[in-house]
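**Student:** What follows is the residue order along each chain.
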Amino acid sequence: MVPNQEDAALEREFDALMAMAGAEVPADRKAGILAGYKDLKRMTALLRQPRTEAAEPSNIYSLTGFRRMRQP
Amino acid sequence: MSAPEAVHELSIAEAGRRLRAGTLSPSGLTEHCLSRIAALDPLLNAFVLVTRERALADADRAERELKGGVDRGPMHGIPYALKDIYATAGIRTTCHSKLLIDNVPSEDCAVEAKFKAAGAVLLGKLATHEFAIGGPSFDLPFPPARNPWNLEHFTGGSSSGSAAAVAAGLVRTAMGSDTGGSIRGPAFYCGTVGLKPTYGLVSRRGVFPLSYTLDHCGPLTWTVEDAALTLEVIAGFDPLDPASADIPLPHFTSGLGQDLAGLKLAYPRSFFATQEGMTEEVVASLDAAAQQIANLGAKVEEVELPDFELFNACGRVILIAEAYAIHEKNLLTRPLDYARYTYQRMMVGAMLSAADLTQAFRLRRELSLIINAHILGTYDAIITANGPTGAPRFDAFPADVPPKTTLQTMPFNVTGNPVLAIPTGFAKGGLPLGMQIVGRAFDEPTVLRIAAAYEAASGWINKRPALDRPIAVGGAALHAPARSHQ
Numbered sequence: 000m001v002p003n004q005e006d007a008a009l010e011r012e013f014d015a016l017m018a019m020a021g022a023e024v025p026a027d028r029k030a031g032i033l034a035g036y037k038d039l040k041r042m043t044a045l046l047r048q049p050r051t052e053a054a055e056p057s058n059i060y061s062l063t064g065f066r067r068m069r070q071p
Numbered sequence: 000m001s002a003p004e005a006v007h008e009l010s011i012a013e014a015g016r017r018l019r020a021g022t023l024s025p026s027g028l029t030e031h032c033l034s035r036i037a038a039l040d041p042l043l044n045a046f047v048l049v050t051r052e053r054a055l056a057d058a059d060r061a062e063r064e065l066k067g068g069v070d071r072g073p074m075h076g077i078p079y080a081l082k083d084i085y086a087t088a089g090i091r092t093t094c095h096s097k098l099l100i101d102n103v104p105s106e107d108c109a110v111e112a113k114f115k116a117a118g119a120v121l122l123g124k125l126a127t128h129e130f131a132i133g134g135p136s137f138d139l140p141f142p143p144a145r146n147p148w149n150l151e152h153f154t155g156g157s158s159s160g161s162a163a164a165v166a167a168g169l170v171r172t173a174m175g176s177d178t179g180g181s182i183r184g185p186a187f188y189c190g191t192v193g194l195k196p197t198y199g200l201v202s203r204r205g206v207f208p209l210s211y212t213l214d215h216c217g218p219l220t221w222t223v224e225d226a227a228l229t230l231e232v233i234a235g236f237d238p239l240d241p242a243s244a245d246i247p248l249p250h251f252t253s254g255l256g257q258d259l260a261g262l263k264l265a266y267p268r269s270f271f272a273t274q275e276g277m278t279e280e281v282v283a284s285l286d287a288a289a290q291q292i293a294n295l296g297a298k299v300e301e302v303e304l305p306d307f308e309l310f311n312a313c314g315r316v317i318l319i320a321e322a323y324a325i326h327e328k329n330l331l332t333r334p335l336d337y338a339r340y341t342y343q344r345m346m347v348g349a350m351l352s353a354a355d356l357t358q359a360f361r362l363r364r365e366l367s368l369i370i371n372a373h374i375l376g377t378y379d380a381i382i383t384a385n386g387p388t389g390a391p392r393f394d395a396f397p398a399d400v401p402p403k404t405t406l407q408t409m410p411f412n413v414t415g416n417p418v419l420a421i422p423t424g425f426a427k428g429g430l431p432l433g434m435q436i437v438g439r440a441f442d443e444p445t446v447l448r449i450a451a452a453y454e455a456a457s458g459w460i461n462k463r464p465a466l467d468r469p470i471a472v473g474g475a476a477l478h479a480p481a482r483s484h485q
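Protein chains in written order, with numbering that gives the first Met the number 0: chain W, 0 to 71; chain R, 0 to 485.
To be clear, the hints were calculated from the coordinates, so they are not data collected in a lab. Please read all numbers here as calculations on a predicted model, not as lab measurements. For every residue, glycine included, the Cβ atom is placed at its ideal position computed from N, Cα and C. Check before you lean on any hint, since a few could be wrong.
Stretch-level coverage of chain R by chain W, calculated; a stretch enters the list once three of its residues show a Cβ under 8 Å from a Cβ in chain W [to be verified]:
#1 329-343
#2 379-385
#3 390-402
Working from the sequences, and respecting the hints, build out all of it.
**Tutor:** Laid out in structure tokens, this is it:
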């Protein structure tokens with residue numbers, strides 16, 4: 000089956016990224032990684048939404064609960 | 000002549016009472032478990048290594064100590080087993096991988112050191128998905144574990160052997176690890192209890208990492224009480240684990256046996272019920288469980304959570320980034336030494352950008368605040384689904400492309416909260432269904448209290464796989480066990 004333009008572009012992008020990573024992907028394992036890459040692109044798009052300044056990577060966990068558990 | 004007593008059905012607490020009363024010996028209990036493993040594990044593939052000599056030596060020591068008045072606590076003389084990513088000094092630890100097939104660590108992981116100090120009895124090392132990811136894979140040195148409820152079905156993963164061994168009554172408590180649901184998924188599919196403790200409560204030192212900021216260590220057990228007693232042994236600050244929390248430890252059994260009066264529980268029905276592939280029988284099972292918990296005295300209210308896909312994307316991006324970082328060198332130089340699914344899942348990490356990972360960590364902060372400050376600032380716990388359907392058949396997995404994960408477990412690896420997976424009934428085909436009970440950070444006693452009350456009221460735990468009857472196994476997929484014995 001001939002891949003559509005979108006799939007062909009995705010595959011070219013995939014090949015370039017794998018080359019940059021220095022990976023020689025065994026041919027019979029490529030389809031599974033390519034499917035995973037397609038899903039990754041869907042997920043990374045979800046991550047890019049407006050955030051507040053408070054949403055920074057440090058201090059991921061709220062310490063409120065920790066303080067509540069501490070004994071006097 | 001009467002039939003030999005099924006001592007594997009004794010809870011950890013009851014076995015402990017009998018060990019102290021002298022009506023059961025650690026050696027007798029251990030021999031019984033080893034006999035069950037010999038009889039049943041060739042069908043289940045739960046163990047990759049049975050440490051028979053070590054187990055008998057542990058049991059003998061426990062027997063002498065208990066007789067001599069030395070009592071090391073609730074696990075003294077009680078058998079346990081470890082997922083094969085837990086380092087054990089002098090005992091092969093393979094991560095179920097060709098890459099570590101001859102790996103014999105020189106030091107114990109922190110959890111194994113705690114079990115040893117508690118006088119427990121190591122039965123062996125358990126099957127896992129390779130490096131706790133991928134699976135189910137038939138292109139590894141050991142076959143995948145099989146579901147004791149139906150051997151043609153998947154156990155879930157990655158703590159596959161842990162769930163199969165506990166569900167089959169080979170051992171009452173087995174350690175698993177959970178990076179995106181690897182304790183709770185197998186517990187759900189195999190009908191056991193699975194406890195992912197709060198991030199930082201149980202040391203991960205010496206457990207082969209998959210994702211530094213998402214990995215949790217915890218037990219799979221037959222009952223909630225077994226989980227609480229195991230946690231009494233394995234929890235605690237470890238200065239050599241960078242994520243370990245230095246906090247006072249509660250008594251994890253303190254809430255067991257109480258009703259649920261005074262508790263307020265959040266029930267995010269739309270969060271799970273609208274998930275793609277969600278089955279009516281899972282939703283009905285959750286609705287019935289929520290009603291039963293309300294009948295036990297808790298106030299249960301429906302709430303809204305952010306879209307599951309946000310949690311999932313956040314967790315998956317972090318997981319594959321961290322896993323790729325850990326395995327990068329071997330993935331690039333020894334691709335064919337990994338199983339197909341393992342390699343395919345991990346290699347996706349090579350295509351992430353720094354911005355992707357940073358955005359995931361920013362979202363993680365936001366989602367953690369919503370769960371911890373907003374939802375659990377108002378409610379004592381959350382009850383939600385574990386997955387949309389019971390365990391799939393092995394032959395439903397595609398050959399070339401790793402299957403998509405459908406479990407709803409990742410949100411609480413993202414947030415780090417304690418979660419207990421517990422059975423809520425059975426699907427029409429006889430496979431277990433279940434739910435998750437999510438608590439505040441380091442509030443395992445409340446999670447265990449809710450779970451124990453529900454377990455006692457529902458009675459699901461009393462139904463076990465019929466493995467003691469002759470088993471008819473069809474299909475050619477069953478492999479001869481490739482395990483070795485120490």
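**Student:** Take the hints in turn and mark each one as holding or not.
**Tutor:** Now the hints, each set against the structure:
1. Residue count for the region 329-343 of chain R with a Cβ under 8 Å from a Cβ of chain W: 8. That meets the three needed, and the coverage hint holds.
2. With a cut-off of 8 Å between beta carbons, the region 379-385 of chain R has 0 residues touching chain W; three or more are needed, and the interface restraint is violated.
3. Given as covered by chain W, the region 390-402 of chain R passes the check, having 3 residues with a CB less than 8 Å from a CB of that chain where 3 are the minimum.
The structure is inconsistent with hint 2 alone, although it conforms to all the rest.
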